[in-house]
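Novice: Please build the complete structure, drawing on both the sequences and the hints.
Those protein sequence lines, which keep their order, are chains A and B.
When you number the first sequence by the numbering used here, it's gap-free, plus one each residue, and the end is 257.
When you number the second sequence by the numbering used here, it's gap-free, plus one each residue, and the end is 151.
For the record, the hints were derived by calculation from the structure and aren't laboratory data.
These figures come from a predicted structure and were not determined experimentally.
Straight-line C-alpha distance at most 25 Å; calculated BS3-like pairs for lysine-lysine:
1) Lys37/B / Lys198/A
2) Lys198/A / Lys212/A
3) Lys37/B / Lys104/B
4) Lys104/B / Lys72/B
5) Lys72/B / Lys148/B
6) Lys152/A / Lys72/B
Not everything, but these chain B residues come out facing chain A in the computed CB check (under 10 Å):
7) Phe81
8) Cys126
9) Ala127
Built from N, CA and C at the ideal position, the CB exists for glycine as well.
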Amino acid sequence: DTGVSQNPRHKITKRGQNVTFRCDPISEHNRLYWYRQTLGQGPEFLTYFQNEAQLEKSRLLSDRFSAERPKGSFSTLEIQRTEQGDSAMYLCASSPRGGRHTDTQYFGPGTRLTVL
Amino acid sequence: AQKVTQAQTEISVVEKEDVTLDCVYETRDTTYYLFWYKQPPSGELVFLIRRNSFDEQNEISGRYSWNFQKSTSSFNFTITASQVVDSAVYFCALSELVTGGGNKLTFGTGTQLKVEL
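Specialist: Structure below.
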């Protein structure tokens with residue numbers, strides 16, 4: 142079983158540009174989460190999908206952020222008009238529904254965003 | 035609101051010493067999960083353990099052991115005979131049920147463990 146994968150691993154962009162990140166969850170995991178981690182802090186929840194439905198969004202997710210999970214497989218997180226405060230590690234996690242490991246979130250390697 | 039406190043910002047030990055990482059949590063939920071994750075320098079969060087709030091039995095896995103005490107809202111993690119490869123940031127996390135049955139995690143600020151020769 143391959144783990145959660147994220148692309149790109151690193152992204153450097155200029156303020157005001159749009160960026161998009163991709164997450165491929167563990168196959169057959171129907172729950173997918175996005176978190177953001179800044180230096181010296183723990184990850185903070187951004188949003189949650191069950192299959193293709195986005196069921197929960199944090200107030201941290203401003204209007205400039207949008208996430209999708211078409212067909213309930215991979216997910217994308219887009220940030221429009223990036224700001225320097227968006228610089229962080231963006232982490233994706235997936236979990237199965239049911240079974241021994243239900244509700245255990247397995248994380249990908251993250252995408253490190255630097256906004257200049 | 036959910037809260038997780040890891041009061042130890044950084045711990046340094048010499049290899050083969052035992053070390054305990056503290057975690058204290060706050061929640062109004064009666065059913066929840068507690069987790070520990072390891073984040074090595076590579077950055078990827080590695081799952082270590084999940085504990086259900088109804089299960090207060092302590093657990094041992096190799097050199098790792100966990101002490102869950104609901105009465106004090108603590109879920110501490112002990113590494114026995116530490117090794118250099120244990121050097122990492124360790125996060126404690128608390129789950130909260132969200133719409134559709136998923137669980138969003140609230141993390142502590144982490145404890146940086148440095149194991150030296």
